[in-house]
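Single-letter residue listing:
Protein chains: 2
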Amino acid sequence: MNFLEERIARDGVVKPGNVLKVDSFLNHQMDVALLDQIGLEFHRRFAHAPITKVLTIESSGIAIAYPVARAFGVPLVCAKKSKSINLDGDLYTARVPSFTHGKVNTVIVTKKYLTHDDHVLIVDDFLANGCALQGLISIVESAEATVEGLGIAIEKGFQDGGHRIRNLGYHLESLAIVEAMDPVTGAITFRSQD
Amino acid sequence: MNFLEERIARDGVVKPGNVLKVDSFLNHQMDVALLDQIGLEFHRRFAHAPITKVLTIESSGIAIAYPVARAFGVPLVCAKKSKSINLDGDLYTARVPSFTHGKVNTVIVTKKYLTHDDHVLIVDDFLANGCALQGLISIVESAEATVEGLGIAIEKGFQDGGHRIRNLGYHLESLAIVEAMDPVTGAITFRSQD
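So the sequence lines, in the order shown, correspond to chains B and S. Just remember that the numbering used here sits 53 ahead of the position in the first sequence, which is counted from 1. Just remember that the numbering used here sits 53 ahead of the position in the second sequence, which is counted from 1.
Be a bit skeptical, because a hint or two may be false.
Identical copies go unnamed one by one, so any copy, or any two together, can satisfy a pair.
List of simulated lysine to aspartate or glutamate pairs, DMTMM-like, C-alpha gap at most 20 Å [stated by the list, open to error]:
#  : residue 1 : residue 2
1  : K74       : D143
2  : K74       : E111
3  : K68       : D89
4  : K156      : E111
5  : K156      : E226
6  : K134      : E111
7  : K74       : E94
8  : K164      : D143
9  : K74       : E232
10 : K165      : D84
11 : K68       : D143
12 : K165      : D89
I should point out that these hints are in silico values taken from the structure, not numbers from a laboratory.
All chains should be built: construct the whole structure from the sequences, respecting the hints.
This is the structure:
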């Protein structure tokens with residue numbers, strides 16, 4: 054097991070309905086040292102790519118994407134989930150259903166922060182059905198920028214998002230891929246990635 | 054002018070209705086090197102305090118609070134804005150009106166992430182009427198934890214939030230206090246803090 058799998062095995066909590074709670078270290082209380090390590094690991098895995106921007110989506114993607122942007126020394130662009138009065142001008146938009154909140158969000162990036170010269174690494178905390186990632190990919194492609202890859206902390210391997218995105222030919226790296234979770238015993242099985 | 058005031062003067066955009074757009078470097082596209090500098094500056098200003106947790110609120114607070122938590126070597130706790138199915142158990146809650154989005158949010162922290170032993174530094178990107186900060190203060194006090202201070206990137210000094218919170222006796226540090234903004238000339242006047 055790698056460092057993130059070990060932490061999930063130790064502190065993750067399995068709930069009925071295929072819910073994996075990692076809110077003690079990843080998305081409610083956050084272990085910044087662990088997140089820094091995640092940032093360095095994505096930097097290692099995408100070191101060959103000429104990344105110019107890291108793109109994520111609010112809000113739980115931000116704490117994963119921050120150390121990644123830091124490691125690459127590039128700006129972090131955070132897609133917004135609804136139109137606020139502080140966002141104006143030309144916008145790239147995509148519609149994204151949210152599993153967690155049970156609604157459809159419009160995801161927005163101001164056009165001037167993604168251009169056709171950009172080489173983008175898309176980063177998020179979770180990948181399940183892949184809707185959020187496909188929304189971000191669609192925004193990068195609307196900008197005629199290049200998707201250099203996608204970095205995910207935790208992929209739910211028993212849902213089809215990862216399969217679908219890899220089949221589209223994108224370079225997707227997930228630090229931990231959960232194959233199965235047992236809400237009775239709490240056991241979590243990871244996909245071997247050696 | 055300090056480093057943040059200089060950046061606001063250079064890249065901030067004043068819009069009618071007392072809106073200051075800093076989305077090119079602070080809350081939509083984020084300059085991680087600048088945010089790291091903000092983290093170190095808050096660490097310097099609160100170095101005397103025995104901070105055990107940094108508390109912020111999603112989503113634009115996260116990128117400010119991350120480098121602060123990192124500088125102190127403590128966990129970052131991010132208050133959530135609505136009840137999602139991944140948040141359960143005993144919760145601290147506060148109701149917070151949002152100026153930007155024109156609605157009332159319920160702000161939530163899971164009880165186990167704030168205890169009476171905690172010494173909390175509350176961090177956010179903007180302070181205007183202070184409703185978000187008062188919600189976070191109320192949550193810390195519900196936990197019988199100690200509010201050691203509040204660190205804000207940009208305070209709108211012509212709104213009363215900062216005055217109100219200082220009058221309550223809290224140690225509030227704002228890196229930039231905007232006294233006046235002119236949407237016609239774009240001029241931004243900062244309060245002298247020497």
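Hint check results:
no. : hint        : result
1   : K74 / D143  : between (37 Å within a copy, 15 Å between copies)
2   : K74 / E111  : both (18 Å within a copy, 18 Å between copies)
3   : K68 / D89   : neither (27 Å within a copy, 36 Å between copies)
4   : K156 / E111 : both (15 Å within a copy, 18 Å between copies)
5   : K156 / E226 : neither (27 Å within a copy, 38 Å between copies)
6   : K134 / E111 : both (7 Å within a copy, 12 Å between copies)
7   : K74 / E94   : neither (22 Å within a copy, 33 Å between copies)
8   : K164 / D143 : within (6 Å within a copy, 41 Å between copies)
9   : K74 / E232  : within (15 Å within a copy, 44 Å between copies)
10  : K165 / D84  : between (32 Å within a copy, 15 Å between copies)
11  : K68 / D143  : between (41 Å within a copy, 16 Å between copies)
12  : K165 / D89  : neither (28 Å within a copy, 23 Å between copies)
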